Amino acid sequence: MARYRPYILGLLGVFAITFPFLWLQLAPNFSNNTVGVIWAPQHAGEFFGNLSTVFVVGFLIWVGIRLNRRFAWDHTLARNPAIQKIGTFWDNYWGWIAVAVLFLIVPASLRPNGSETLRSLGLPWINTSTLGLLTFVGLYMLLAVGLNITVGMTGLLVLGYAGFYAFGAYIFALGQEHFFFPWWLAGPVAFVLGGGAGYLLGLPCLRLRGDYLAIVTLGFAEAFRELMRNLDITGGDKGIVLHDKFIFQGFWGLTNQQVGYAVAALTLIVTVFLIQRLYHSPIGRAWIAIRENEVAAEAMGIPVVQMKLLAFSLSAAVAAIAGVVYGAKDGFVSPAMCEFQQSIMILAMVILGGLGNSYGALLGAALLYMVPEYLKALPSTIQNSPTLSSITPQFVRDSFEHLSDYRWLLFGAVMVLMMLYRPQGLLGTSRRKTEMLNR
Amino acid sequence: MTPLLETRGISKTFGGLKAVQKVDLRVEANRVVSVIGPNGAGKTTFFNCLSGIYRPETGSILLDGHDITGRPPHQVCRRGVARTFQNIRLFPEMSVLENVLVAQFKHRSKSPLPLLAHSKKYRIQEDAHCEEARAFLDFVGLAQHADAPSNSLAYGLQRRLEIARALATRPRLLLLDEPAAGMNPQETVEMIQLITRIRDRGLAIILIEHHMKVVMAISDEILVLDHGIPIAHGTPEKVRKDPLVIKAYLGEEASE
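Line by line, the protein sequences are chains H and Y. To convert, take the position in the first sequence, counting from 1, and add 71; that gives this note's numbering. To convert, take the position in the second sequence, counting from 1, and add 342; that gives this note's numbering.
Note that these hints are calculated values from the structure, not bench results. Since the structure is predicted, the reported quantities are computational estimates derived from the model, not experimental observations. A few of these clues could be false.
Stated by the list, open to error - Here are some chain H residues pointing at chain Y (derived, C-beta under 8 Å):
| # | residue |
| --- | --- |
| 1 | Pro77 |
| 2 | Arg356 |
| 3 | Ala360 |
Stated by the list, open to error - Some chain Y residues close to chain H (C-beta under 7 Å, calculated; not the full set):
| # | residue |
| --- | --- |
| 4 | Cys419 |
| 5 | Arg431 |
| 6 | Phe433 |
| 7 | Val444 |
| 8 | Ala445 |
What the hints assert, rightly or not - Which chain Y residues stay away from chain H? Per the calculated CB distances, all over 12 Å, these:
| # | residue |
| --- | --- |
| 9 | Gly382 |
| 10 | Val418 |
| 11 | Arg476 |
| 12 | Ala485 |
| 13 | Pro527 |
| 14 | Gln528 |
| 15 | Val531 |
| 16 | Ile534 |
| 17 | Gly544 |
| 18 | Met554 |
| 19 | Ile571 |
We treat Cβ as the ideally placed atom computed from N, Cα and C, and that holds for glycine.
All chains should be built: construct the whole structure from the sequences, respecting the hints.
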């Protein structure tokens with residue numbers, strides 16, 4: 072019983088805290104201008120009904136984590152030779168597999184209504200409109216992978232990463248307004264300028280021990296947003312609408328959407344490929360050494376400040392490129408891009424997927440971007456699919472109606488659960504996995 | 343002939359505490375110099391000054407006649423000084439082999455294009471360095487643990503890994519901070535043998551140690567610090583008989 076005491080107390084606490092909001096209601100009486108409080112349990116019923124879906128999703132995530140714990144070992148140490156073989160195969164050919172999977176989506180997207188089989192299963196189907204969604208998933212994957220260099224591999228906290236994302240987008244927007252350059256030229260320019268901005272920002276604070284970088288980048292993102300909101304050439308809060316001729320245009324029979332998707336996918340693959348090469352090189356090892364023990368790393372001849380600057384500049388440069396792709400895809404750049412919530416979202420993706428693991432960052436980005444979108448579409452999906460609506464009870468369907476409203480609550484709960492039960496993230500690093508194996 | 347390492351009157355204070363005062367030391371290649379003294383005598387502070395973690399307030403440190411006083415640790419390491427730590431500082435989430443690979447950083451080419459393209463030259467270099475790292479692990483007797491996570495090693499083996507990692511920086515001077523601390527008699531004997539073998543490779547070694555057995559067995563010279571002040575310096579026999587040392591530190595041992 073003592074085992075469950077914290078849970079019971081926690082539950083009672085929730086009831087106590089939510090009591091005035093969920094169980095009571097203010098009742099104004101206009102005849103004598105007083106406000107009374109009445110007992111209104113129906114709100115609580117509604118709330119806990121909605122909350123039940125949170126538990127459904129939480130359970131699914133828990134199952135995923137258990138499965139992951141069973142199978143996601145470091146393949147070089149796996150006792151089962153089949154897992155070793157699959158792991159080695161993945162290491163050698165993941166790039167080609169990823170290219171194939173990502174680009175199979177392009178022809179599939181030609182069908183405006185998507186595939187019937189997938190739709191009847193209630194899975195997100197591939198059509199012209201979901202291609203746009205997938206492009207954004209690719210963008211967030213790019214951001215998560217970029218942030219992972221600094222936060223995951225080098226162990227430096229960055230709280231204003233979206234600042235560099237917006238920085239890249241504004242370079243593109245202002246550049247095409249004043250110097251007329253298209254996206255394929257803006258990409259490299261943003262890479263260099265974004266990296267330069269990261270370098271200059273890191274220069275003063277990376278010489279110091281401690282989490283100064285977190286504060287400085289947080290300030291940078293906020294200052295940049297305020298600056299963009301208040302300058303005349305950036306159009307203030309309204310942002311900049313880009314010229315059609317500089318954003319993604321269809322060619323060779325491809326639609327605009329497909330070109331945007333292909334560019335995002337290619338950028339992502341090339342970036343992940345290069346980051347993985349760095350990760351398995353002396354430079355990547357130096358980053359991890361700094362994360363693990365800075366004093367020892369420096370004593371072993373690693374120039375800690377330079378390596379940190381390199382990691383952070385690369386992160387910033389990747390974000391700037393993502394900003395250009397966003398601008399060219401969306402055709403609209405606004406200060407809302409670098410809101411704090413955005414930075415936290417990207418950070419959450421990295422933490423969920425597993426600090427230090429690029430594939431984990433990809434998974435985290437996909438989950439945190441797709442799940443809310445998917446939840447939003449879920450009620451209508453169930454409605455439209457005869458199979459699903461026949462097997463889903465009415466009360467589950469009702470609670471799904473409000474699910475996307477609760478997504479921040481869900482994120483919070485998932486993050487707390489992750490920190491408690493799987494602090495290394497869904498995938499973790501192979502190094503951390505070896506640790507798991509020895510337990 | 344200039345010695346490999348020469349310190350000229352280095353001092354370091356923390357607030358009012360004089361941790362190290364005017365220490366002079368000359369170390370030649372192929373020699374083992376031990377630094378001993380009671381707890382809090384400033385031995386580790388002295389090491390931190392040598393390896394660049396602290397900057398001494400006065401005095402200078404010369405390595406092969408070059409002044410390295412106040413250089414940051416990675417530059418000191420680049421010049422050929424490697425160290426181990428009293429409280430083990432491995433990279434816990436890396437494998438044993440990777441711990442050694444990290445320390446090769448300064449010998450590796452970091453030019454981006456061959457690295458990103460995995461050019462043939464780069465792959466040959468990578469293989470050669472892996473071989474070298476395995477050779478160092480073999481040298482300290484960790485060859486069969488190469489792929490284990492470094493935090494799964496037993497305590498004594500972790501100390502050996504620290505030595506392998508320090509050797510991988512290809513130092514000329516090795517600073518060992520209590521390498522035999524917490525070891526049983528058998529492991530202590532093995533550690534003495536290991537240090538002797540490292541010396542025979544032509545390295546100079548400065549050793550901080552509390553195990554008198556180790557110190558007396560392998561030291562060519564002993565420097566005794568007490569409250570940061572060098573109170574005796576010389577061969578083990580000389581230091582053993584020094585009345586100041588006996589008073590400060592070796593009392594029981596000398597009366598045996």
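Going through the hints against the structure:
no. : hint   : result
1   : Pro77  : violated (30 Å)
2   : Arg356 : holds (5 Å)
3   : Ala360 : holds (5 Å)
4   : Cys419 : holds (4 Å)
5   : Arg431 : holds (4 Å)
6   : Phe433 : holds (4 Å)
7   : Val444 : holds (5 Å)
8   : Ala445 : holds (4 Å)
9   : Gly382 : holds (20 Å)
10  : Val418 : violated (8 Å)
11  : Arg476 : holds (16 Å)
12  : Ala485 : holds (17 Å)
13  : Pro527 : holds (28 Å)
14  : Gln528 : holds (25 Å)
15  : Val531 : holds (27 Å)
16  : Ile534 : holds (24 Å)
17  : Gly544 : holds (20 Å)
18  : Met554 : holds (27 Å)
19  : Ile571 : holds (26 Å)
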